[in-house]
Amino acid sequence: MKMMLTIIFRLTVSCLIAGTIMGATFIFTNKAKKVNEFAREEKVVYSLLGYSTANPIPESMGMHEVFRYVVTEGDSQTIGYLVPLGAHGSDAGFSFVRINLEGEYVDNTDIALTADSVRDLGDRNAAIAAAFGDGKDIRFADQTIIVTDHGQRTAYLLSGKFPGFKTHIAIILALDPGYSIIGFEVMEHEEDPGLGAEIEQDYFKNQFKYKPFEKIKTLEVVKAPIPDDYFDALEGRIDEAAAIDVMKQYRDQDIYALTGATISSVAVSSGIKGMSKKFAYRLDILDKVLQEQQIAVPF
Amino acid sequence: MANKKSNFQLVANGILQENPIFKLALSMCPAVGISTTVMNGVMLGIAVLFVQVFSSVTISLLKDFIHPRIRIPTYTLTIATWVTVIDLSLAAYFPAAYAQMGIFVKIIVAFAIITMRLEMFASKEPITASFWDGIGMGLGFLVGMVAIGFIRELLGSGAILGHDVLGFKPLLFFILPSAGFFVVGLMMGFFNWIETYYARRKRGEA
Amino acid sequence: MNQPKYLSFFVLVFFVLGLAGFAPAADLVVDTDFGAENQIVVSFRAAVDKAEMADAARYSVFEESDPDIRLTVTSVALSDDGRQATLSFAEPLNTTKTHIVMTKDIGGIEQTSSPVSKSYFGYLLSILISALLINNFVFTKYLGLCVFFGTSKRKQTAKGMGVVFTIVIVVAVSMSWVLFQYVLKPFKLDYLQIVVFIGLTSLTVQAVDTVLRKVNPILFKSFGVYLVLVIANCVIIAVPLLMASNEYNFFETFMLSLGAGGGFLLALYLMSSVSERVELAKVPPSFKGLPIAFIVAGQFAMAFLGFSGLELF
Chain A
1 MKMMLTIIFR
11 LTVSCLIAGT
21 IMGATFIFTN
31 KAKKVNEFAR
41 EEKVVYSLLG
51 YSTANPIPES
61 MGMHEVFRYV
71 VTEGDSQTIG
81 YLVPLGAHGS
91 DAGFSFVRIN
101 LEGEYVDNTD
111 IALTADSVRD
121 LGDRNAAIAA
131 AFGDGKDIRF
141 ADQTIIVTDH
151 GQRTAYLLSG
161 KFPGFKTHIA
171 IILALDPGYS
181 IIGFEVMEHE
191 EDPGLGAEIE
201 QDYFKNQFKY
211 KPFEKIKTLE
221 VVKAPIPDDY
231 FDALEGRIDE
241 AAAIDVMKQY
251 RDQDIYALTG
261 ATISSVAVSS
271 GIKGMSKKFA
281 YRLDILDKVL
291 QEQQIAVPF
Chain B
1001 MANKKSNFQL
1011 VANGILQENP
1021 IFKLALSMCP
1031 AVGISTTVMN
1041 GVMLGIAVLF
1051 VQVFSSVTIS
1061 LLKDFIHPRI
1071 RIPTYTLTIA
1081 TWVTVIDLSL
1091 AAYFPAAYAQ
1101 MGIFVKIIVA
1111 FAIITMRLEM
1121 FASKEPITAS
1131 FWDGIGMGLG
1141 FLVGMVAIGF
1151 IRELLGSGAI
1161 LGHDVLGFKP
1171 LLFFILPSAG
1181 FFVVGLMMGF
1191 FNWIETYYAR
1201 RKRGEA
Chain C
2001 MNQPKYLSFF
2011 VLVFFVLGLA
2021 GFAPAADLVV
2031 DTDFGAENQI
2041 VVSFRAAVDK
2051 AEMADAARYS
2061 VFEESDPDIR
2071 LTVTSVALSD
2081 DGRQATLSFA
2091 EPLNTTKTHI
2101 VMTKDIGGIE
2111 QTSSPVSKSY
2121 FGYLLSILIS
2131 ALLINNFVFT
2141 KYLGLCVFFG
2151 TSKRKQTAKG
2161 MGVVFTIVIV
2171 VAVSMSWVLF
2181 QYVLKPFKLD
2191 YLQIVVFIGL
2201 TSLTVQAVDT
2211 VLRKVNPILF
2221 KSFGVYLVLV
2231 IANCVIIAVP
2241 LLMASNEYNF
2251 FETFMLSLGA
2261 GGGFLLALYL
2271 MSSVSERVEL
2281 AKVPPSFKGL
2291 PIAFIVAGQF
2301 AMAFLGFSGL
2311 ELF
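Residue numbers (our numbering), protein chains in the order written: chain A, 1 to 299; chain B, 1001 to 1206; chain C, 2001 to 2313.
For the record, the hints were derived by calculation from the structure and aren't laboratory data.
Watch out, some of these pointers could steer you wrong.
As the list claims (entries may be wrong) - Calculated pairs, EDC-like style, for lysine to aspartate or glutamate (alpha carbon to alpha carbon, straight line, at most 16 Å):
#1 B/1169 to A/198
#2 A/288 to A/104
#3 A/248 to A/214
#4 A/215 to C/2063
#5 C/2097 to C/2052
#6 A/273 to A/220
#7 C/2288 to B/1195
#8 A/278 to C/2068
#9 A/288 to A/107
#10 B/1169 to B/1119
#11 A/166 to C/2311
#12 C/2118 to C/2080
#13 A/277 to A/214
#14 A/33 to C/2190
#15 A/161 to A/190
#16 C/2104 to C/2052
#17 C/2104 to A/102
#18 A/273 to A/232
#19 A/166 to A/142
#20 A/209 to A/220
#21 A/223 to A/240
#22 A/278 to C/2052
#23 A/136 to A/107
#24 A/277 to C/2052
#25 A/136 to A/73
#26 A/278 to C/2063
#27 A/31 to A/102
#28 A/278 to C/2190
#29 A/277 to C/2068
#30 A/277 to C/2066
#31 A/277 to C/2091
#32 A/273 to C/2091
#33 A/217 to C/2052
#34 A/161 to C/2052
#35 A/31 to A/120
#36 A/278 to C/2311
Just so we're clear, the structure is a prediction, and the values are computed from it rather than from any experiment.
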């Protein structure tokens, strides 16, 4: 009996010590993890827009985050957009604008959030639920960054996830104000190395650059080898101005598939097609509503 | 059994005579699974080294406190704690490299090698000996992983540590997952052959 | 005094009439299903006005997660008996997502709403097949190798190890799921996953050991020795981790663990069959034992690559 008690006692003590060590490590590393994740996304975003450490972003540039939610109340559903208010640079708070499924304005609620706390999923959801949520199911859908320079829109950055050949592929897509593609980066994927993983290579990603919105809406994938001059331009083997010329020549062509990875190529192209079309549709509605309701936003 | 080896001998033992991957044939899962690049090998090797050393030292410190009937659960608890610590740290400070390794860092907890080492060595030997033995085993694992990773990365993508060395990709096959089996099998066979060769020479000369 | 009776009678009539208004709305459409690549087939309870049924404007289809994006119905084809309408779409449908089909003003019913998704049972089976073949834990994920090479020399040992492993993994992972859903997640203790899962596995092994010893000592004699090896198997910790990161529900977890155990058994059995033959073959001395086993396993791994991308459901 005494042995049993000693065992239990010692085991409990060990568990407690182990738990403390792990808990402390968790608290310590969690902050670092969030910072690193955010830094990585920021780096990708800047490089998509053409900036880097050598060419930093100008002061006049603003990145405004719009978060989309789906609100379900019993049988009816509305789409809610969490938009920042005021002019660029001012921290005038956020507003949750609701639009019904037919594209008509429903209502808007002011939400108490700061520019920092809005980035954290937990804080954001809590603030929205507090201001608004009784009895409603509010689900986060996706987020978009609208980039402005001197108040004029220069780019849209969309993050999206879609099924790939293996599991899923997550990307950040950059569109210009006319919804043509500026570029995209693959954030996560589990494709096969050497086959599907080649979607991260320049000669695949750069094929999407400069494609106009009209072409994106009907984008297909062809199983043919990439012409040599196009390949050189995509991989950056010729000087930049000439490369851009060549790439623009192929603007209205379909995407050349990766060798041995047709399904992954189709997955990425369909994913981008879907993301762009849905975004264009939704942004038009949101702009119309914001203008009708005279809601002042920095973009 | 407790012949007093010097600390250096303990470390060398871990790398050569009792190399976890090639000699003891334990913890082979990562050797096959993620040894596609040298970087992966280094990162996982460091993780295993960390867990092995800290677990050995902890158990050696607590060897009088542990009741013999619950020693296996205690080992498991210790290893799991340190694996959680290194897993959280790697995820926070090296996210890109950590993403490459998938769940293999968490799987360190199931490595038979660490538990066996604790059972056979750390629970009986003093702290410094356990420390150096842990380093030896960890380094042995690291060396093994790097060796396999070196061959696979060089022959598969023509690069080492991400730097293009050959300028072309000899055989994509080597970085495809199933090649891990072949490379490890061939290397093991090779090591065996070297050993028998030297043993024969020694016998021939003696 | 009669008033309460009348009142309740009227309420009852109102209620029934009200129900009658709602009930057939659910009954008008009896089934919805995905057809060919960009089609949805809607089955009606009875043939209603053909003109109404074939009017594409009366159908509203969207993905459940994107209710504001309406998919364009390009055409509606009616079946011969007039009870099925096949809706065709411009773009291929993403059948992995649940779609909703809403009809408006067909057959006198103002509105109906029906979900369209691939069968859930099919989904469960696909998890099982994935863990068994496509993502076989030994040949595709390279886990559990130490135990694998140790017990794949004879068919007997292989079968014993495989069966014991499957039983332990199903029990242990189910318990892990319970603890994960009801303790770790609500209290935000996700970082304790590793400790909790491996702890539960040890407990299960211990429990099975004790139970088997008492209940069936003969069985214990033949299988008991494998129990200890279960803990050293990487798969046993990989499966709960996979369950946690994919947030499976109980049935999906059960299928996953069954598939994982079954896949391990399959791998062991295949390997042991070859192993027994290899022992009789002429293998170079430095390759005898483990090295040749690795090479055989590599060939199996290449073969299993062929399952990649398999989609049965």
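*asked:* With the threshold set at 16 Å, check whether the alpha-carbon distance from residue 277 of chain A to residue 2091 of chain C stays at or below it.
replied: Measuring from Cα to Cα gives roughly 12 Å; hence the hint holds.
_Agreement of residue 166 of chain A and residue 142 of chain A with the hint, judged by alpha carbon distance not exceeding 16 Å_ = violated (22 Å)
*Regarding the pair residue 1169 of chain B and residue 198 of chain A, is the alpha-carbon distance no greater than 16 Å?*
holds (14 Å)
*asked:* Against the 16 Å threshold, does the CA-CA distance of residue 161 of chain A and residue 190 of chain A hold or violate the hint?
replied: holds (12 Å)
*Sort out whether residue 107 of chain A lies within 16 Å of residue 136 of chain A, counting only the CA atoms.*
holds (15 Å)
*Has the given pair, residue 161 of chain A with residue 2052 of chain C, been kept, meaning a C-alpha gap of at most 16 Å?*
Distance ~38 Å between residue 161 of chain A and residue 2052 of chain C Cα, so the pair is violated.
*For the pair we were handed, residue 33 of chain A and residue 2190 of chain C, check the Cα-Cα distance against 16 Å.*
Measuring from Cα to Cα gives roughly 15 Å; hence the hint holds.
*asked:* What's the verdict on residue 31 of chain A and residue 120 of chain A, does the C-alpha distance respect the 16 Å limit or exceed it?
replied: holds (12 Å)
*Pair hint outcome, residue 223 of chain A versus residue 240 of chain A [Cα-Cα no greater than 16 Å]*: violated (27 Å)
*With a cut-off of 16 Å on the C-alpha distance, tell me whether residue 2104 of chain C and residue 2052 of chain C pass.*
holds (9 Å)
*asked:* residue 278 of chain A and residue 2068 of chain C were given as a pair; does the straight-line alpha-carbon distance stay at or below 16 Å?
replied: Distance of about 9 Å is within 16 Å: holds.
_Given pair status - residue 2080 of chain C, residue 2118 of chain C, alpha carbons within 16 Å_ = Given that 16 Å is the threshold and the Cα spacing comes to 25 Å, the pair is violated.
The structure fails to meet hints 4, 5, 10, 12, 18, 19, 21, 22, 24, 27, 28, 33, 34, 36 from the earlier list, while all remaining hints are met.
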